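Protein chains: 2
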Amino acid sequence: MKERLYIYDTTLRDGQQTQGVQFSTPEKMQIAAVLDGLGVDYIEGGWPGANPTDSEFFDARPKLKATFAAFGMTKRAGMSAENDDVLAAVMNAGTQAVCLVGKTHDFHVETALGITLEANTENISRSLAYLVAQGREALFDAEHFFDGYKANPAYALETVKAAFDAGARWVVLCDTNGGTLPAEIGEITAAVIGAGIPGDHLGIHTHNDTENAVAGSLAAIDAGARQVQGTLNGLGERCGNANLTTLIPTLLLKEPYASRFETGIAVEKLSGLTQASRLLDDILNRVPVKQAPYVGASAFAHKAGLHASAILKDPTTYEHVAPEVVGNSRIIPMSNQAGQSNLRRRLSEAGLSVEKGDPALGRILDVIKAREADGYSYDTAQASFELLAREELGLRERFFEVERYRVISERRRNARGHLVVESEAVVTVQLPSGEKRTSFFKNEHAQEMSDDGPVNALWQALKQDLGPYQSLIDDVRLVDFKVRITNGGTEAVTRVIIDFEDDAGRRWATVGVSANIVDASFEALLEALNWKLTHDGAVRAV
Amino acid sequence: MKERLYIYDTTLRDGQQTQGVQFSTPEKMQIAAVLDGLGVDYIEGGWPGANPTDSEFFDARPKLKATFAAFGMTKRAGMSAENDDVLAAVMNAGTQAVCLVGKTHDFHVETALGITLEANTENISRSLAYLVAQGREALFDAEHFFDGYKANPAYALETVKAAFDAGARWVVLCDTNGGTLPAEIGEITAAVIGAGIPGDHLGIHTHNDTENAVAGSLAAIDAGARQVQGTLNGLGERCGNANLTTLIPTLLLKEPYASRFETGIAVEKLSGLTQASRLLDDILNRVPVKQAPYVGASAFAHKAGLHASAILKDPTTYEHVAPEVVGNSRIIPMSNQAGQSNLRRRLSEAGLSVEKGDPALGRILDVIKAREADGYSYDTAQASFELLAREELGLRERFFEVERYRVISERRRNARGHLVVESEAVVTVQLPSGEKRTSFFKNEHAQEMSDDGPVNALWQALKQDLGPYQSLIDDVRLVDFKVRITNGGTEAVTRVIIDFEDDAGRRWATVGVSANIVDASFEALLEALNWKLTHDGAVRAV
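Chains as they are written, first to last, in the numbering used here: chain X, 7 to 548; chain W, 7 to 548.
Check each hint, because a few of them may be wrong.
Identical chains blur together in the list; that is why a pair holds if it fits in one copy or across any two.
Think about it this way: if two alpha-carbon atoms lie no more than 27 Å apart in a straight line, the pair counts; the simulated DSSO-like pairs of lysine-lysine are [as the list claims (entries may be wrong)]:
1) K442 / K69
2) K375 / K488
3) K8 / K156
4) K156 / K319
5) K319 / K69
6) K488 / K296
7) K296 / K71
8) K156 / K260
9) K362 / K69
10) K309 / K156
Everything labelled a hint here was simulated from the structure, so no lab data went into it.
The structure displayed is predicted, hence computed values, not measured ones.
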């Protein structure tokens with residue numbers, strides 16, 4: 007018989023405290039739906055009354071399988087719970103659960119609130135009792151509990167016992183400043199259980215200021231706590247909260263937790279975890295963290311040559327869980343660290359099957375090494391890697407040649423005396439038939455356009471008229487552009503990596519290198535079109 | 007009497023296993039100097055012989071206070087340590103310390119190596135004995151030790167005892183796949199000590215696949231290990247290694263570690279930690295992780311209203327350590343006090359003395375916030391910051407105006423049929439006298455020039471003829487150029503940061519932002535000339 011462990015998500019409340027994060031109501035609805043689909047037990051939506059977005063979200067009354075929770079604070083001194091208008095706004099959201107934060111650290115009661123310890127304890131007790139009387143599931147967020155316990159254990163325990171005795175379903179021990187290390191969290195959680203609050207009424211809420219938010223949560227669970235709070239992608243105040251994107255698969259897949267606990271999340275649901283994480287990044291317009299545990303693009307990337315060759319024999323040699331279980335995938339990047347087994351693996355991912363011992367493998371590795379020394383990088387630019395390999399394997403088709411391009415960027419005053427920035431480009435290609443085609447593009451209304459730069463102008467001109475290939479490249483879109491100055495031999499050169507996508511939902515990346523940033527970009531643009539034509543089965547149009 | 011705890015850095019070896027990371031030799035030299043300045047005990051430089059860059063770095067023989075270590079693997083079966091050419095390449099690097107990785111998990115010995123358990127133990131024993139006989143400090147990286155111990159504790163212990171008995175100064179327990187949770191790492195480390203390898207000969211090497219690399223390291227130290235391995239900014243294979251940027255301040259500042267241990271790093275050195283972390287990101291052209299513990303831009307950002315008001319009363323209310331101790335700073339969005347004193351300090355560094363309470367301080371902060379929201383960054387671009395402040399203080403001189411620029415980049419075939427890439431630029435400026443001057447620059451022999459790009463052409467044209475100011479700008483040289491795609495509001499924009507120097511040995515940096523990379527660069531070039539004219543006392547030439 008497994009014990010029940012509850013997952014409490016606070017992405018929409020503490021996650022919104024992340025610097026630079028401000029969710030709109032539709033975004034909150036979207037995130038809540040993702041969390042609910044995953045199966046978390048509680049979704050905390052925000053603080054009704056604290057700001058217009060939070061109020062609007064509660065007014066929208068999202069329909070959830072999870073228990074919906076509103077956040078607020080314990081009533082203020084000198085008034086009853088019934089008469090506290092801040093608390094009233096929280097109650098009016100009408101959620102099944104209400105979580106109130108209160109002080110447990112004597113220093114904060116005296117410094118931040120400026121009231122007596124007794125008055126604070128009474129505020130907690132009365133507020134929680136009021137929630138219970140109103141028929142709500144009552145939670146108490148014990149702010150600064152660990153620091154408070156270290157400073158004055160008797161008082162800290164008095165506050166949480168007051169909440170529990172008043173009927174709180176959960177007392178949540180918060181490491182608000184994020185400075186408590188896991189061993190200490192474990193010991194103090196055990197002490198609270200020893201003082202009479204059962205573990206199945208205790209929650210843990212940690213922050214990542216020492217990179218131990220996940221470990222601190224596990225330490226509290228080891229000690230007996232049965233609710234864990236966190237956020238998707240570890241959003242949250244300062245360094246963030248405990249990262250549920252990491253905690254959830256750890257609790258579901260790894261021992262001793264997998265055998266011991268049951269949560270509201272079915273193991274099969276984990277296959278949607280990577281997508282959920284990326285969706286949140288999309289909403290926030292953030293570049294996903296490549297090295298994120300479980301869900302990062304690099305989480306199952308095996309770069310060391312020794313690792314890659316063993317992975318080919320048995321993936322468990324260098325993977326603690328299987329990537330597909332969390333909806334992620336394995337990557338064997340190409341680099342000068344890697345040997346032939348990496349290379350064969352990567353070629354087969356590109357649909358190119360090459361026998362072990364084929365001399366082309368050595369040639370491809372040599373070309374890659376030489377080009378990496380020139381400043382190229384093929385870890386992410388898989389499409390450029392594939393074209394390079396096709397070249398050495400005699401499998402590269404030449405669809406068209408670029409005769410010439412010319413790009414102009416200009417800043418000037420227009421007829422009305424306004425400063426304008428414009429770019430224009432002309433590209434001439436020669437088709438296999440010998441026919442030449444010239445295309446022109448200009449940003450006519452530069453100041454209103456989001457991309458008035460030379461690379462965009464070149465791209466628009468290049469893909470405007472490729473004759474017989476046109477229908478195959480019409481749906482190619484440029485989605486990301488990365489530039490860095492690097493060393494090519496002894497000279498500084500510009501490396502450009504560009505991501506593309508098409509209507510079939512494919513994404514591919516190419517790389518270009520040159521001392522000239524425009525020329526480096528052009529190389530990457532050209533490779534992208536060649537890759538697309540290769541994959542869509544274009545036949546060389548003679 | 008404090009116990010000695012050793013910090014072993016592997017940024018240049020395991021850190022280089024990060025997907026997308028490829029250090030050049032000058033970059034390795036620069037990172038090694040930063041690590042050495044910080045005071046880590048060991049710097050592992052790479053694997054001599056495994057790839058050209060690593061070999062070149064060891065050939066350069068960096069001068070370090072730290073113990074310099076080369077990485078390699080134990081000798082292969084069927085040959086002596088003396089006759090193994092892979093091991094010979096490692097020895098030939100001539101480092102004081104050598105760290106050899108070897109198998110400890112029976113499954114890997116049989117699956118990946120395909121040799122008997124006895125042969126593997128002998129490889130370990132002979133290899134380590136060989137290092138010792140050659141007078142090197144010998145380290146054994148016990149690969150997959152925790153997984154190996156769980157599968158076959160007797161064999162795993164046999165391998166590490168073989169290394170220890172052969173004279174290894176350190177046996178490093180590696181959680182290679184990153185799947186072992188902290189509690190288990192602690193228990194198994196204690197078991198190894200119980201089996202006869204003293205803690206002051208044990209190291210710990212963890213990976214972040216469950217976000218527990220820091221916690222696992224602490225658990226091993228708690229159990230008795232006295233060497234900890236990691237990387238700056240947590241670089242490393244897959245999800246990265248234990249993050250030394252987090253571990254170092256935790257070990258030096260927080261209990262029980264601060265009172266118990268002494269490391270090679272003085273507490274005062276921590277004030278350089280944030281800068282060291284950012285420097286590594288600069289080298290990698292990565293956007294620094296805002297939520298990184300201790301060193302992230304958000305690590306001491308207090309967004310919640312309740313937090314911010316308490317922070318103003320006493321910063322310890324919501325901070326586990328003081329930001330200045332790690333070279334970071336506090337951010338209170340929408341606030342002022344801390345902001346203004348920071349600002350006054352930075353202005354005085356630029357030679358601008360502004361009284362406390364001057365309303366210009368608030369205006370400058372507002373402009374900086376607005377421009378940062380547009381994508382600007384003033385962390386390194388001190389010259390652009392100074393010009394912005396001078397503008398608000400009414401101390402900015404207008405030396406000349408740019409009427410127009412136009413830049414062309416072209417790829418074409420020349421008369422002899424060779425492909426050439428060329429750029430040309432024309433710039434028109436108006437002097438205060440009303441006189442207009444137009445300058446032109448073209449790369450005539452593009453293929454032989456190191457910089458045939460549009461930004462260089464613009465720079466050459468711009469500084470060719472500035473009339474009365476010409477003698478003051480003749481010695482300005484462009485020394486570094488960084489490009490990053492970032493967010494300006496909701497649009498992706500290009501941010502360019504350029505470093506300059508002059509014959510007086512001054513160096514300064516400016517920033518430009520635009521959707522157009524050429525225009526962003528031009529803005530930074532222009533600011534650089536303005537800064538130089540301001541500082542060389544140019545008088546507006548009417």
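Which earlier hints can't be squared with this structure?
1, 5, 7, 9
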